[in-house]
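As given, the protein sequences belong to chains A and B, one line each in that order.
Okay, so the first sequence: first residue is 8 according to my numbering, each after it adds one.
Okay, so the second sequence: first residue is 1230 according to my numbering, each after it adds one.
Think of the hints as simulated: they come from the structure by calculation, not from any bench.
Please note: incorrect hints may appear among the correct ones.
What the hints assert, rightly or not - As a list, the in silico DSS-like pairs of lysine-lysine whose alpha-carbon atoms are at most 25 angstroms apart:
| id | chain 1 | residue 1 | chain 2 | residue 2 |
| --- | --- | --- | --- | --- |
| 1 | B | Lys-1707 | B | Lys-1637 |
| 2 | B | Lys-1979 | B | Lys-1427 |
| 3 | B | Lys-1983 | B | Lys-1427 |
| 4 | B | Lys-1637 | B | Lys-1685 |
| 5 | B | Lys-1685 | B | Lys-1707 |
| 6 | A | Lys-418 | A | Lys-129 |
| 7 | A | Lys-313 | A | Lys-303 |
| 8 | A | Lys-235 | B | Lys-2032 |
| 9 | B | Lys-1720 | A | Lys-476 |
| 10 | B | Lys-1782 | A | Lys-61 |
| 11 | B | Lys-1795 | B | Lys-1720 |
| 12 | B | Lys-1294 | A | Lys-476 |
| 13 | B | Lys-1795 | B | Lys-1707 |
| 14 | A | Lys-476 | B | Lys-1292 |
| 15 | B | Lys-1782 | B | Lys-1707 |
As the list claims (entries may be wrong) - So these bits of chain A aren't anywhere near chain B, every CB distance computed over 10 angstroms:
| id | residue |
| --- | --- |
| 16 | Gly-54 |
| 17 | Leu-56 |
| 18 | Lys-61 |
| 19 | Arg-64 |
| 20 | Leu-110 |
| 21 | Asn-112 |
| 22 | Ala-202 |
| 23 | Arg-216 |
| 24 | Asp-237 |
| 25 | Ile-260 |
| 26 | Arg-279 |
| 27 | Glu-305 |
| 28 | Ala-315 |
| 29 | His-348 |
| 30 | Thr-399 |
Said to hold, decoys possible - Label-pair ranges, simulated between beta-carbon atoms:
| id | chain 1 | residue 1 | chain 2 | residue 2 | range |
| --- | --- | --- | --- | --- | --- |
| 31 | B | Gly-1607 | A | Glu-88 | 54 to 62 angstroms |
| 32 | B | Pro-1616 | A | Gly-128 | 37 to 45 angstroms |
| 33 | B | Asp-2023 | A | Glu-374 | 34 to 42 angstroms |
| 34 | B | Pro-1336 | A | Arg-376 | 51 to 59 angstroms |
| 35 | B | Pro-1336 | A | Arg-314 | 37 to 45 angstroms |
| 36 | A | Ser-99 | B | Arg-1606 | 25 to 33 angstroms |
| 37 | B | Gln-1861 | A | Arg-314 | 30 to 38 angstroms |
All residues carry an ideal CB built from backbone N, CA and C; glycine is no exception.
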Amino acid sequence: MMDLNIHATTARRAFLQRSAFSIGSIALGQLLADAAPPVPNRISVPGALPVLHKPQRIKRIIHLCMAGGPSQLETFDWKPELKKLHGQPFPSSYTNGQQLAQLQNTPLLARGPFTEFTRHGKSGIEISSLLPNIARHADKLAVIRSMVTEQINHDPAHAFFNSGSILKGRPSMGSWLLYGLGSESRDLPGFVVLASQGSSDGVQPVSARQWSAGFLPSRYQGVPFQAKGDAVHYVASPGGNPRNLEEKLVQSINAINRERAVQTLDPEAATRIAQYEMAFRMQLSVPELTDMKDEKPETLQRYGVKRAGDGTFASNCLLARRLLERGVRCVQVYHRAWDHHRNMEVAMPIAARETDAACAALLDDLEQRGMLDSTLVVWGGEFGRTPMGQGTGRDHHINAFSIWMAGGGIKGGTVYGSTDELGYRSVEDVVTVHDLHATVLHLFGIDHERFSVKFQGLDARLTGVEPAKVVRGVLA
Amino acid sequence: MRNSGLSIRLLAACLPLLTTITALAVAPPKKTVQSPVTPQYNRDVRPILSDTCFPCHGPDSAKRKAGLRLDIRESALAQKAIVPGTLSGTVWNRITNTSPDLLMPPPAAHKPLTPAQKATIKAWLLAGAKYEPHWAYTPVSKPTVPGASTGLSPIDAFLNQRHKQLGLTQAPQADPVTLIRRVTLDLTGLPPSPDDIKAYQANPTSKAYNAYVDRLLASDAHAERMSVWWLDQVRYADTVGFHGDQNHNAWPYRDWVLNAFKSNIPYTTFVRDQLAGDLIPGASDASRTATCFNRLNMVTREGGAQPGEYLAKYAADRVRTVGSAFLGSTIACAECHDHKYDPFTARDFYSMAAYFADMRQWGVYADYSYTPEPELRGINNDSPFPPEIVVTSKALTGRIDEELSAIKNIATTVPDSDPRYMAFLAKSGQYRDLNGDKPQLTLNAPDGSDWHTPAKTGLVVDVPRSAVMLAGIEVTIKQPQTPITVNVTLKQGNNNLPFWHGIGAPHTPITQNGFERIGIQSGWRIQSKPSQGEAKAIYWLPRTAFTSAGPIKITLTGTTSDVRIKTIPVHAVHPDTLEPQREQNAKVAFLLSGAGLEGVTADISDRLRSIVQSRGGRTPVMVTEATNKPRQARILARGNWMDTTGALVSPATPTFLTNAKVNVAQPASRLDLANWITSRNNPLTARVLVNRFWRLFFGTGISASVEDFGAQGEAPTNPALLDWLASTFMDRGWNMRSIIREIVTSDAYKRSSKPLPVHVEKDPQNRYFARQSPRRLDAEFIRDNALAIAGILDTHVGGPPVKPFQPAGYYANLQFPDRDYIVSTRGDQYRRGLYTHWQRTFLHPGLAAFDAPSREEACPVRTEANTPQQALTLLNDPVYVEAARGLANLMYASIKPSIDNDDARLNWLMQRVRGTAASSTERMHLKTILTESRKAYTTNELPGRELLRMGSLPSRIDVDPIDLAAYTNVCRVLLNLHETITRY
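Using the sequences and the hints, build the whole thing.
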């Protein structure tokens, strides 16, 4: 267990100073290195875990977040019985005493899936016709059909899915990973978030809280990349100042900081020097990263990108691949139009079309570059949708939804867990959000029970206080 | 790096630094000063037991294992877990057991005891295993000040005693410039003025220092600085936080806090008004405004949210905030179960929540078909969050007065011969002749009567050609059949003449993302019949339409009631007043009329706009409104809001804090809660507050865990000092300012922050305060400091939130409603950071980069990080580029021509930024960037010109733009220095 008494300021300062020293020493080491031949592109910034608890299967994670809550019944959980019951009253034996969202105080009718399901790959996983490209990769996927969550509204459900808690000020999973494992990129943030709106009905807002570092130091927070203007806030030099001039400016700042640090003996000054160096490297690397001119037209086509850098989910997936290639630890890619309360037969195919090819192309590219077996890909929303209809759509549902994982340490071609015959409730091998987090940490070589930080007197964990389990059934 | 040789030289220079910093940085977090004496329970033993034993053998009855309770001595003894004076109890046996099955804590808990911890427990057991009541829960008594006759301040007397015991040499006093900069930044969040530095340098006496401190404490800037701190404690923000994160009207509460600090009201009143200002005898608009505190929790308007679930969330949020802000307690942990470390029970949690069950509130702030709330009918995503009251805002009335008086001042500069003024006099014949009597012309109906009867399709009236300029029209509806929304448009030929402002009485506000849309020009809504019968409105034309040309067509739709229409020749009135009045001063009338505006200056126009945006000085604010039917409050097992089996509870304070009982009528109210919190017998309130004040001025509390005074918190390193401060605070009538003054006038506060070798060795974390600690400025003050140095800070106090530049598209992920970010204009661009619009889900990136909290949750302590984003912000956020240009502008204006050269300029700049001149090596580094910039901009002028165009601050036109741009870069270096954003 990490006995870092974050909440006690004494210890927090010690912690910050220790981290400061780590980074400071790298920066000073880097100064030496700069006098020598070119440094390798990747120098890791160490994490808080001195040794990992178990073998590490993956080095990075990408979370393809279908925000709004995609219907499992039209994607990965085929329910012929529900189809037969279409339009009939939904049996109250399922729903009595259960939480409802927009279906509160209305009669409950079954709504059959409107999509076709077919079996794919050697494994024969049933996947709906909405996702033909992802289906191509069926034998790489571990589909979990028995997810449950605790939060029935978007905002807290996202918070729960990202941080394992609905309390504000809790670190998101990406922040935990960065904190524990450090970063492998010396010129890009270790945790990057890409969000796109999507063009169909069912758009949901997503808060910056979802990638917050919470009580961890803010350098572990997710850094959102913008589609408009500078990709990273304030990364461009003002007035188009030439690069070499800005470099000299940063050198002047650091030179004076060094002189004053010697006089004040302020350890934060040493960290500051290192951060200016990092900032300047980001100013060079971010434009290089986001300039996708070197991507081939057929690549763009595979992802479904009309114009590289247009901020669509497809373009963001391509950007995500470039981030992962450059050692970024955690990338989240949001598509924000999956809240299909109504008009789902029109809106859902649009949302699927905007994401399906890109997700599949990402898997292809990672595999082709030999990165897939060290990368974990997670696809899913913050909750699922009701087997009961809500007019022309479906309401939020927390008792059952589907996600899939692929990549390092994952047993491809797996279906894990199941729901009852109407898809109302996860009944077999139920997987909680905390279980999912425990599994992700496990793949990174971390025992979730021993990965904690003191906060307000408690050992705060990503996986909360109740027992959580690693989902062994999806592991290779 | 340009010159690796230079880097290596610098590195060599850094080596001693590196050694020292290493010593400071890698020191173990546990305190290294160890007393060789018997371990004390509170200081040494409880922290170990609490962390490793109490979770299963402590206050939480549900999780207690083997029925064993170790947090109470009698239980531990009764079960032979502890046999005082021996190692024969089971505790010692189990913590030293070699069998993994018997070892405590169990290996699965991953909390192994270290040999040092075991040694502490051993020594304590052998010495008789004495328990002590938890330091924070014992009554506050006033300790005797040691060596009372030494002439030291009590703070210094307590600290010195400890330093002597520990052999800690004290750091010398800081030099005058460091000290004056420190105390000014600490007390106001702003730098000292050059004059103040000079004055103190010339006379660095205690008397001069104390007088300066008193001046700072009485300033608006001090109230602003303290408000920044308090707004964190109470999670103040301008938006609701959940889902659509809509705006809510809370800023008048922020102004109430400002005023409370400015007038230094007792902490008792401060707490009482916020919790229960609506319940006190003689409740006023001000005390009701304070109750917005209870409304600052995050709320939702999301469709499909369950009211019951959200009401439970709101209740828990309030308990957490009261626990955190006033009591320094983590009572929040008792939401699902009894507290694991402290004697808070789940019943305590829900009993605390019950105090707020009387509040008029809704779980979901909208009326959806699936969750009907008839009281909220008609509310949409643009509506405010009821209940609200309308109050007078000093900031708004002050602004109106300021603009009017500015217009009057400008009027004195209008020469009699000004052609526009002469034209105004000539054309406003009717103004001069008729004002006061009949300044207006009624447009009669075809039948000759004053009243038109509009058709269903609307009413069209022609304005005849006239010799008098048309400034606007007045519309009166005789007996409006409500509800209606009236629209009036004006056309001259084919051109629409848009109105720039309209006022109507009565009118029902139309809101846009929570705020009332200014004016009725885009729709005059009347919901209910006016009590005076008639409804009246004035529509003002913009200055460009100010015209005597005709004919003009007026179209009116939305009502079929009788309507009277008059023209207004000129408006020699303040544009937000419905009744035209004569302005005696013809030149003021000329400016107010708008006639003087055409082609002259945007200034008058801006001021008129500012006047109408001040809404007559009135503003809505969310408040607490008590209902006489409080909601049922019950214990929710495991915090589950759907579980209705838990026991019902009444409002009550935590049972274990019995010594703080106050007599209350039943059922107890929020006012009783406030009285209990500020009762002299409450052991927590005063201790928590003075400890937080201490942290503001030393960087760490006397107990480092300013947010948790429970068993898991850190015991104070100088308990007598903490208790002396707490009791003195209460003795002095809970006078906040007096305690702050006591702290910042102590010798301890004035010490140098540079550690001595003995500090590195014995107290690297500075837990005993034998020196000061450097502190990076808070996010808001980094901005304020830069703007103040540059001389461009706008020091207006209070008022609606402002919107400084922000990267485009930053709110793209926000819906319900979609929103634009309209950047503030004029001085509002350069206001202090605390006035920045606080969007909870997307806090301004410049503030967020420097660890300003989103304020979704009460934030007793900000995290302090040091990140590349901070560097990027200071380098490239337009506000810092503008500040750099402002500073360069100021330099040109201030430097004496007789000594003007680059060295003098660089010295002047460094002096301005940190109070002392540049060293020769610093000058060398600054000169490098100056020379390089000049060279670069001489080769290619464009980037320099673009640099000078950033933001809205004008550049000096009397200096060479290349030089100005080059100095702007020098100033950017200065504003980016670690020293600039740190107080030493």
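Here is how each hint holds up against the structure:
For the given pair, B/Lys-1707 sits about 37 angstroms from B/Lys-1637 by alpha-carbon distance, which is inconsistent with the 25 angstroms threshold. The suggested pairing of B/Lys-1979 with B/Lys-1427 holds, with an alpha-carbon distance near 18 angstroms, which does not exceed 25 angstroms. The hinted pair formed by B/Lys-1983 and B/Lys-1427 meets the criterion: a straight-line CA distance of about 23 angstroms does not exceed 25 angstroms. A threshold of 25 angstroms between alpha carbons decides the hint, and for B/Lys-1637 with B/Lys-1685 the separation of about 46 angstroms lies outside it, so the pair is violated.
With a C-alpha separation of about 16 angstroms, the suggested pair B/Lys-1685 and B/Lys-1707 falls inside the 25 angstroms cut-off, and the hint holds. For the hint pairing A/Lys-418 with A/Lys-129, the CA-to-CA distance comes to about 13 angstroms; that is within 25 angstroms, so the pair holds. Among the hinted pairs, A/Lys-313 with A/Lys-303 is consistent with the structure: their alpha-carbon atoms are about 12 angstroms apart, no more than 25 angstroms. For the hint pairing A/Lys-235 with B/Lys-2032, the CA-to-CA distance comes to about 20 angstroms; that is within 25 angstroms, so the pair holds.
Only pairs whose Cα atoms come within 25 angstroms are accepted, and B/Lys-1720 paired with A/Lys-476 is rejected, the gap being roughly 72 angstroms. Taking the CA atoms of B/Lys-1782 and A/Lys-61, the gap is near 82 angstroms; set against the 25 angstroms cutoff, the hint is violated. Taken as a hint, the B/Lys-1795 and B/Lys-1720 pair is honoured in the structure, with Cα atoms around 16 angstroms apart against an allowance of 25 angstroms. The hinted pair formed by B/Lys-1294 and A/Lys-476 meets the criterion: a straight-line CA distance of about 23 angstroms does not exceed 25 angstroms.
At roughly 14 angstroms between alpha-carbon atoms, B/Lys-1795 and B/Lys-1707 fall within 25 angstroms of each other, so this suggested pair holds. For the given pair, A/Lys-476 sits about 21 angstroms from B/Lys-1292 by alpha-carbon distance, which is consistent with the 25 angstroms threshold. Distance hint between B/Lys-1782 and B/Lys-1707 is fulfilled; the C-alpha atoms sit about 21 angstroms from each other, no more than 25 angstroms. Separation of A/Gly-54 from chain B is adequate, the least Cβ-Cβ distance of about 15 angstroms exceeding the 10 angstroms criterion.
Every CB of chain B lies more than 10 angstroms from the CB of A/Leu-56, the least distance being 13 angstroms, so the non-interface label holds. Non-interface call for A/Lys-61 relative to chain B: holds, since the shortest CB-CB distance, roughly 14 angstroms, exceeds 10 angstroms. At roughly 22 angstroms from the closest C-beta of chain B, the C-beta of A/Arg-64 stays outside 10 angstroms, upholding its exclusion from the interface. The claim that A/Leu-110 lies off the interface is violated: its Cβ sits roughly 7 angstroms from the closest Cβ of chain B, which falls inside the 10 angstroms cut-off.
In this structure A/Asn-112 is not separated from chain B by more than 10 angstroms, as the shortest Cβ-Cβ distance comes to only about 6 angstroms. At the 10 angstroms boundary, the C-beta of A/Ala-202 falls inside the reach of chain B, the nearest C-beta of that chain being 5 angstroms off. At roughly 6 angstroms, the least C-beta separation between A/Arg-216 and chain B is not larger than 10 angstroms, which violates its mark as non-interface. Look at A/Asp-237: its CB is around 7 angstroms from the nearest CB on chain B, not clear of 10 angstroms, so calling it non-interface is violated.
At roughly 5 angstroms, the least C-beta separation between A/Ile-260 and chain B is not larger than 10 angstroms, which violates its mark as non-interface. A cut-off of 10 angstroms between C-beta atoms contradicts the statement that A/Arg-279 is not in contact with chain B; the least separation is 4 angstroms. With 10 angstroms as the threshold on Cβ separation, the claim that A/Glu-305 sits away from chain B holds: the shortest Cβ distance comes to roughly 30 angstroms. Listed as a non-interface residue, A/Ala-315 keeps its Cβ farther than 10 angstroms from every Cβ of chain B; the least gap is roughly 18 angstroms.
Listed as outside the interface, A/His-348 is inconsistent with that label: its C-beta sits roughly 8 angstroms from the nearest C-beta of chain B, within the 10 angstroms cut-off. Every Cβ of chain B is farther than 10 angstroms from the Cβ of A/Thr-399; the closest lies at roughly 15 angstroms, confirming the non-interface assignment. Here the CB-CB span from B/Gly-1607 to A/Glu-88 is close to 43 angstroms, at odds with the stated 54 to 62 angstroms. A hinted range of 37 to 45 angstroms is violated for the C-beta pair B/Pro-1616 and A/Gly-128, which are about 59 angstroms apart.
A hinted range of 34 to 42 angstroms for the beta carbons of B/Asp-2023 and A/Glu-374 is inconsistent with their spacing of about 57 angstroms. Roughly 42 angstroms separates the CB atoms of B/Pro-1336 and A/Arg-376, a value that falls outside the hinted 51 to 59 angstroms. Between B/Pro-1336 and A/Arg-314 the CB atoms are about 57 angstroms apart, so this pair departs from the stated range of 37 to 45 angstroms. Taking 25 to 33 angstroms as the suggested C-beta distance range, the pair A/Ser-99 and B/Arg-1606 conforms, at roughly 31 angstroms.
Look at B/Gln-1861 against A/Arg-314: about 58 angstroms separates their beta carbons, and that is not inside 30 to 38 angstroms.
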